[in-house]
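**Student:** So the chains spell out like this:
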Amino acid sequence: MIEIPEPKVIEWPLRLALGGVFVYAGVMKALDAQQFAIDIQHYELTPWTVSIVAAVYLPWLEIIAGVALLVRRFFVGAIALIGLMAAVFLVAIGSAWWRGLDITCGCFGREENRTNFGQHIALNLAMLVAAGVLFWLEWRARSDSPPPPHSQ
Amino acid sequence: MMRRGLREVALLAVIAALPASVSAVVQLKWRPPAPLAEGEVSAATARLWGEKVLWVDARARAKWERKKIGGAVLLNAEEWDASVPRFLDEWDPEKAIVVYGDGAQDDAAAGVAHRLKEELKLDGVWVLQGGWDAWQQR
Chain A
1 MIEIPEPKVI
11 EWPLRLALGG
21 VFVYAGVMKA
31 LDAQQFAIDI
41 QHYELTPWTV
51 SIVAAVYLPW
61 LEIIAGVALL
71 VRRFFVGAIA
81 LIGLMAAVFL
91 VAIGSAWWRG
101 LDITCGCFGR
111 EENRTNFGQH
121 IALNLAMLVA
131 AGVLFWLEWR
141 ARSDSPPPPH
151 SQ
Chain B
1001 MMRRGLREVA
1011 LLAVIAALPA
1021 SVSAVVQLKW
1031 RPPAPLAEGE
1041 VSAATARLWG
1051 EKVLWVDARA
1061 RAKWERKKIG
1071 GAVLLNAEEW
1081 DASVPRFLDE
1091 WDPEKAIVVY
1101 GDGAQDDAAA
1111 GVAHRLKEEL
1121 KLDGVWVLQG
1131 GWDAWQQR
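Chains as they are written, first to last, in our numbering: chain A, 1 to 152; chain B, 1001 to 1138.
Hints are computed from structural coordinates only; laboratory data are not their basis. Wrong hints could be hidden among the right ones.
[To be verified] Straight-line alpha carbon distances no greater than 20 Å define the calculated SDA-like cross-link-like pairs of lysine to any residue that follow:
no., chain 1, residue 1, chain 2, residue 2
1, B, LYS1068, A, ILE103
2, B, LYS1095, B, LYS1121
3, B, LYS1068, A, THR46
4, B, LYS1117, B, GLU1090
5, B, LYS1067, A, TYR43
6, B, LYS1029, A, ARG99
7, B, LYS1029, A, ALA54
8, B, LYS1068, A, ASP32
9, B, LYS1063, A, PRO47
10, B, LYS1067, A, THR49
11, B, LYS1117, A, PHE135
12, B, LYS1067, A, GLU44
13, B, LYS1067, A, ASP32
14, B, LYS1068, B, LYS1029
15, B, LYS1029, A, THR49
16, B, LYS1063, A, LEU45
17, B, LYS1063, A, ARG99
18, B, LYS1063, A, ALA54
19, B, LYS1067, A, LEU31
20, B, LYS1063, A, PHE117
21, B, LYS1029, A, ASP32
22, B, LYS1121, B, ALA1077
23, B, LYS1063, A, ILE103
24, B, LYS1117, B, TRP1135
Could you put together the complete structure from these sequences and hints?
**Tutor:** Encoded structure:
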């Protein structure tokens, strides 16, 4: 019979990896918002005004969601945000690949080399799956816990 | 759990907006414009020149075909010999020539501007500061 490991054994490394990647990526982008705005512009999906707002806001959303995941505060919200961001990145990178754009993705700040689209799609898919697993573990834990006592 | 999750998403989004606002002011508003190198012109100045500019796109053909500054002529190092006649057809001594590449880190535009001055003996050749990336920032 296959034994399912304790949820904590799965949750802890996933939280560390996912939160760590998002905090690192956010910090690298937040250090040079102007460059990140140019990187977003290269995707040819948004006008400059939207690119610049996203370039200023998105890195901090990544940092805050990553930290929340690491310290397990606002946990469900952090998982949802990270899953949503991974999905958005996946669509953006996939569409750039589909359109044959020759760009640097800007995923971890300034990059000199052209993006390896396959690698980045795989990374974002892995992050999406990790967020899904964390959400499922949390949902299962809450379902198993006894309901709060009702006051008479 | 869904309602709680949505509430937390909203809360985290608001928390992120605070440092993002500070970052916006520090990084974007207070950042001084980069000084122009010799032979460079800023996107703002080039816009003021309006119709008195012949734009030269020094990027790869695929990028020129996808998107370019209105009326830009393709003239890059890879297709120099084939593209020069087309460029000369468009050339007008009354117009400034502004060459642009991909971005600030790209030397292609400076190389093409140099060849226009040295090989074709043209005057009034400028390089767009920040290239195509800078042109889009408006």
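**Student:** Could you run down the list of hints and mark each one as holding or not?
**Tutor:** Hints, verified against the model:
| no. | hint | in the structure |
| --- | --- | --- |
| 1 | LYS1068/B / ILE103/A | holds (16 Å) |
| 2 | LYS1095/B / LYS1121/B | holds (15 Å) |
| 3 | LYS1068/B / THR46/A | holds (16 Å) |
| 4 | LYS1117/B / GLU1090/B | holds (16 Å) |
| 5 | LYS1067/B / TYR43/A | holds (12 Å) |
| 6 | LYS1029/B / ARG99/A | violated (34 Å) |
| 7 | LYS1029/B / ALA54/A | holds (16 Å) |
| 8 | LYS1068/B / ASP32/A | violated (26 Å) |
| 9 | LYS1063/B / PRO47/A | holds (18 Å) |
| 10 | LYS1067/B / THR49/A | holds (19 Å) |
| 11 | LYS1117/B / PHE135/A | violated (62 Å) |
| 12 | LYS1067/B / GLU44/A | holds (10 Å) |
| 13 | LYS1067/B / ASP32/A | violated (26 Å) |
| 14 | LYS1068/B / LYS1029/B | violated (28 Å) |
| 15 | LYS1029/B / THR49/A | holds (14 Å) |
| 16 | LYS1063/B / LEU45/A | holds (16 Å) |
| 17 | LYS1063/B / ARG99/A | holds (12 Å) |
| 18 | LYS1063/B / ALA54/A | violated (24 Å) |
| 19 | LYS1067/B / LEU31/A | violated (29 Å) |
| 20 | LYS1063/B / PHE117/A | holds (18 Å) |
| 21 | LYS1029/B / ASP32/A | holds (13 Å) |
| 22 | LYS1121/B / ALA1077/B | holds (17 Å) |
| 23 | LYS1063/B / ILE103/A | holds (11 Å) |
| 24 | LYS1117/B / TRP1135/B | violated (23 Å) |
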